[in-house]
Amino acid sequence: MISKLFSQEPETRVFFATDIHGSETCWRKFLNSGKHYEAKIMVLGGDMTGKALVPIVEEGQGRWHATLLENRREFESEDEVKEFEDSVMRRGYYPFRTDPDEMSELSTSEELRDELFHKEMLGTVERWMQMADEKLDGTGIECFVSPGNDDQFEVDEIISSAKRVRLAEGKVVEFDDFQMVSTGWSNRTPWDTYREEDEEELAERLRKMTSQVTAPPEKTIYNFHCPPFKSGLDEAPEIDEDMRPKHGGRSIVPVGSKAVREAIEEGQPGLALHGHIHEAKGNTRIGRTLCINPGSSYEQGQLLGAVIDLDGGKKVKRFVLTNG
Amino acid sequence: MASDTTTGSGAGDLFQRKATGLLRGWSVLDGFIYAAFAINLLTLGLYIFSFAPFIPDGSLIYAIILSGLYLVFQAVTYASLIAVMPRAGGDYVWMSRVLGGGIGFVLAVTGWWFILWHWVPIYANILNIEVLVPLATIAGFGGIADFFGEPGGMFTASTVVAILASILISLGMRTYARIQKFCFYGGVIGLVIMLALLLFNSNADFVGAFNSHAQDLYGAGSNAYQQTLDAGSVKGTNLGALALGPTLLLIPMIVFFNLWSNWGATLYGEVRGASDFRKNIYAMGGALVVTSTVAVIMLLLFAKTFGWDFYYAANNAYWGGNGPISVWPYPGLFAAFLFDSPILQFILVALLALWFFGWVGSVFLSSARVVFATAFDRVLPEWVAKTSRNGVPYYALALMLLPSIPISYLYAYGENFATYTLDATLVIATTFLGSAIAAAVLPWRKPEIYNASPIARYNVLGLPLITVAASMFSIFLVFCIYKWLTDDTYGINNGQSLIYMAILYAVALGLYVAFRLLRRAQGMDLKMVYDEIPED
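Protein chains in written order, with my numbering: chain A, 1 to 324; chain F, 325 to 860.
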């Protein structure tokens, strides 16, 4: 009885976080998380890129204005603008300096906005990879990153080019004697994002990936951005056709993937790591598999995560969800 | 120097791309509906108003207005907490993140879990007096009505409440939200009919109807109205007079009804900006103000049609046990007496009963959330957060349902146990006080999170709005707790009850310490849960 309460000595400590959506603060914290939690493996689930561009409009004579969270702000010095840019980046948005003419063009041209988004998103990921290379060099910590459904495909190339970060998407990666298979693809969402597909296609994708795993289930990790259907880790506010939460956000419905659930039920890996649904923080078991969605509070600059000790036993017992 | 103003709309202020989770604003009306359901005038309101004769010099109407307006500070406090820490899930998470895991656990577990076992018989009592007994009486099943007035009936009703709440939660939030909305609109129809009956009938109409039905249904004498006045006459009752001291004394009583607007808060989704903050205030504060207004209109109509002296006397006589009718003087039933047809009477009471059925799930709902949140923090064991394949949180429900049954049994049959539960509101108010203190100190305890929030620029006299609102709400709660603990009027400063409640807090503390030690022995220091990772 007593032995059931205590796992064996951990062999590998993993820190997992996800859905940081462009938050500069969360990325900096993530880079420090290995050392902070004494984890030798760091895994960042999908959705690294931000969701919004915040224009800082030059009015002339050294004056600027911008609006964040519906608060309009006016600036009269470079320092004030810089401070504002930091607060925007902290929240996961991309600040950019512009003028009224360019604002007018951007407001009317979706193409221009898309171009700007691409430039800012990819530029940020590139800068983050450089930061990682500097920060993780010589630490002995292994860092895996897999993009999510909200991240465009070019992100993969940038991650691949990093020295201290390994792209995990679509691959079986190994650390110690564990194997991890990852994907940021999800089932269909109402937002028509970059990496989403029908359940049948997703099931096929997962089948192809998991068939490459050679480790026993207890030494296997599925890092699937999308949580399994009806797992409690996939509960999101129900929305109407106008994209408004129904019943004041009270009506919560499962939106996870049936294909992911089937893959977990069939493969029974020791651990399954998920994200995607920010409000569905939690953990559950599907058979022997410990499934975790640490949730996300990227806008607050809080890095929600999970510290998991892997001992290769039949069940992962030692873990904690964190609020870094 | 930078300056700030708040824009009414985010349109054109930033460019968003298509990305998961980006939603348009939620409906304030929906938030309002659920907050109005929580400040349930028909169930909690009418029940607690019946105790007003214990403070006869106080003005019930002014007490409702004053507390309703003051508690807008509560709405601002909770709206602020949501704006700063959205998707956090409520009191436990806010307190544990800001004040510490131990404080958060002990206050949330007692206030949102243990004490709600004891609210089951309170809900059951309301089910009895407002639903089962009146409906059985109208339908001519006097024996059934008598049964529900006895301990066996009380225990049966408690079991019904516990099972009903469990079923509603098992159905999932989607179904429960729809049931609540149906009950709200049905209940509003009932309420409008009730108020119309009171408006369009005279006191003489009511006296005739009451005397007739009291005789037919309850075997009272031919002039039960006068007998009630004689039996329950209360000196000092004055509808319009504002005696400030006694009126303030009524407020700690009335919070049994109007302290719950925060149930209407929308906890999910990304906070889009200052407008979402204001929406939560409008939903919660609006429900407070509208419900208080309807309460005042209702009481004025009671005064007009029942007679204010009669309303007080009926309640006073019931609690004194010397009235001509032995059942609780349910104003909904009294209004229904103004219909001649028993069918119409039944329909009206049944429509008003929807206020109960839409509300009953709340007895376990927050408890389930707290149990889950504490398990995700690894304080409670992992298994308590298990769900079935259909998402039913069966262990969490069992942790609510199973203890509530023996507690209901003791409440119904035990000699003194009912007195132990007198502090049921006090314990929740203490939890709210914890959240209010967390809110007040949040700008200093979590400055980076606070400064990144849409409310960081709202100040009052140089102090953060959240601090001012939370401090005002804290003062209110401290006043109520002080009066509950020191004034015999409320019947709460009962030594046995306080000891019992202290035991509940001690159990919660013991659980926290035990699990923290266990986790440490297992190699998982729970300190990691709350530790902030350095950024640089």
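Since the hints were made in silico from the structure, they are not lab data. A couple of the hints might just be wrong.
Claimed, not checked - Some, not all, of what chain F presents toward chain A, calculated at C-beta under 10 Å: (1) Leu338; (2) Gly349; (3) Ala697.
As the structure is a prediction and not an experimental result, all values here were calculated from the model. In this text, a Cβ means the ideal position worked out from N, Cα and C, and glycines have one as well.
Checked hints:
1. Leu338: At about 5 Å, which falls below the 10 Å cut-off, the nearest Cβ of chain A leaves the hint on Leu338/F intact, so it holds.
2. Gly349: OK, holds: Gly349/F within 10 Å of chain A, min 7 Å.
3. Ala697: holds, 9 Å
Checked against the numbered hints above, the structure violates none of them.
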